[in-house]
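A.B. asks: Sequence:
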Amino acid sequence: MAGRRPSHFLVAGRAPANPPALPDVTPEALEAQHRAAWGLWEQATRTVLPSGLRLVTARLPRSGSVCVALAVEAGSRYESDHQSGVSHVLEHLVFRGTERWPTSFLLTAAVEEVGGTIDGYTHREATVYYSRLPRTYVATALEIIFDMVRRPRLTAEDFHLERDVVLEEIHQDALTSAVVAEEALDQLLWPGHPLARAPVGTEETVKALTEADVRAYWQAHYAPERCVVAVTGDIEHEEIAALVWRLAEGWPPAPLPPPELLPVPAEPAEPDLAARYASGQTAYVYAGVRALPATHPDRPAMELLSCALGELASSRLWADLRDARGLAYDVGSEVTSYADSGGARMWAGVPPRRQAEVVERMLVQAEQLQAGLAPDEFARAKNYLVGELSMSCETTEEMAHWLLWSELAHHRLIAPGAARATYENLTPDDVARVAALWAPERLQVAIAGPAPRRAARLRALVKGTRATKPAKTSRPRSRQR
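Residue 1 is where the sequence shown starts when you use the numbering used here, and the numbers rise one by one after that.
Honestly, the hints are just simulated from the structure, not real lab data. Careful, some of the hints might be misleading.
Between beta-carbon pairs, the in silico distance windows are [what the hints assert, rightly or not]:
1. 463 with 192: 15 to 25 Å
2. 375 with 297: 15 to 25 Å
3. 280 with 36: 33 to 43 Å
4. 280 with 364: 40 to 50 Å
Computed cross-link-like contacts, SDA-like style, restricted to lysine to any residue with a CA-CA straight-line distance of at most 25 Å [said to hold, decoys possible]:
5. 463 with 334
6. 463 with 354
7. 463 with 332
The C-beta atom is built at its ideal place from N, Cα and C for all residues, glycine as well.
Can you make the complete structure from the sequences, with help from the hints?
C.D. replies: Okay, here's the thing in structure tokens:
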């Protein structure tokens with residue numbers, strides 16, 4: 001599975017320029033603050049093994065389930081252009097079997113026969129494997145996932161079978177207008193950079209991969225110093241640490257240091273429009289801007305603005321495109337962030353004949369954002385995010401991913417309540433500051449659907465110019481569009 005989105009609340013808040021002096025705080029008060037920050041969760045703990053492997057755990061007393069998640073810092077942005085998709089192919093192959101569980105059936109059955117589930121996904125900056133199952137079988141989940149990562153079979157037969165599965169996934173994506181439009185927007189935002197590539201890869205690059213390519217990538221990247229393990233449930237950190245220590249024993253480090261990330265290219269000098277064909281009855285319009293890295297202090301404000309723009313059923317895009325004009329069924333917005341860059345986007349799925357109207361309305365929305373949010377909009381979006389954060393880690397699976405991406409992005413434990421306080425402290429000025437990122441002159445637009453017509457006129461609209469009407473000729477009109 002490619003591209004599961006990590007929790008978008010793992011962000012650092014803006015520190016005050018002149019923080020006030022803190023009064024003496026009693027141990028009891030500190031303990032109360034800690035409990036408020038972690039809620040029902042207890043004993044959140046982080047340990048780094050001598051090999052460099054990082055373990056993060058949190059305890060939920062009396063929880064019936066436990067979640068084990070392991071992330072490898074190996075995603076699509078670590079790939080070379082000619083091997084695009086190798087991280088994703090490797091993720092698929094890992095599920096084909098291991099030394100101890102030599103087939104896909106035996107591996108998944110070992111989890112399912114005790115009432116659990118197991119899955120994985122490939123992100124641009126990591127590949128994640130995770131299992132949720134009854135607390136009694138936490139050792140089983142750890143053993144299976146460690147065997148998958150350390151001792152996958154990676155046979156030639158499995159490689160050819162699973163590569164065909166990935167190619168079918170790519171073919172299906174190529175027929176899905178929303179996926180095609182989103183990928184086209186990424187190519188506008190990060191031209192020529194690995195962040196512009198979809199984790200799934202392309203038909204050309206995946207067909208060119210060999211079993212040796214996948215094995216070499218596994219040997220180079222699947223190493224303890226590049227892994228994070230998160231375990232959540234009614235568990236004791238010391239118990240889990242002892243299990244992880246045993247399972248990681250003898251795991252050799254990577255033969256070479258991790259490759260340096262390619263610097264993010266300069267932002268496009270002017271707005272542009274990309275038009276792509278995709279089958280189906282719906283055209284998708286994506287419009288976005290280059291935004292902020294995961295650890296940028298203004299990222300919470302960017303999230304709040306996105307919430308007011310299109311994430312809520314009471315947001316601006318819903319009120320304009322869906323409720324007032326009946327243009328679209330699927331409307332939304334989101335913020336994505338990476339170690340050194342980020343993006344913000346809005347989208348709508350519309351009838352092809354009305355795609356130009358949607359582009360015009362998105363340009364209007366970007367322009368109107370420059371004035372910031374009205375007091376009621378600001379309060380509604382802020383209260384929604386604070387409320388969602390209050391409920392965001394109620395299951396062991398949610399908390400495991402929270403801890404995992406806290407470590408991947410920030411290299412430390414972040415309590416959900418600490419992130420919630422960041423949003424509670426946001427002001428309208430914070431949102432007005434980041435609204436400038438949505439300036440129409442920065443907006444990139446991508447369209448995909450069954451009839452990507454009028455691209456020249458739409459491109460002129462996005463660029464802020466008028467398309468010149470062609471001179472009349474005596475040639476007869478063609479009925480073909």
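A.B. asks: State for each hint whether it applies.
C.D. replies: Structure-based check of all given hints:
Between residue 463 and residue 192 the beta carbons are some 20 Å apart, a value that agrees with the proposed interval 15 to 25 Å. Checked against the given bound of 15 to 25 Å, the beta carbons of residue 375 and residue 297, roughly 23 Å apart, stay inside it. Checked against the hint of 33 to 43 Å, the pair residue 280 and residue 36 fails, with Cβ atoms roughly 48 Å apart. Between residue 280 and residue 364 the CB atoms are about 27 Å apart, so this pair departs from the stated range of 40 to 50 Å.
Between residue 463 and residue 334 the alpha-carbon distance is near 23 Å, which keeps this suggested pair within the 25 Å criterion. Distance restraint check for residue 463 and residue 354: the Cα-Cα separation of roughly 19 Å lies within the 25 Å cut-off, and the hinted pair is therefore satisfied. For the proposed pair residue 463 and residue 332, the alpha carbon gap of about 23 Å is at most 25 Å, so the pair holds.
Against the hints set out earlier in the document, violations occur for numbers 3, 4.
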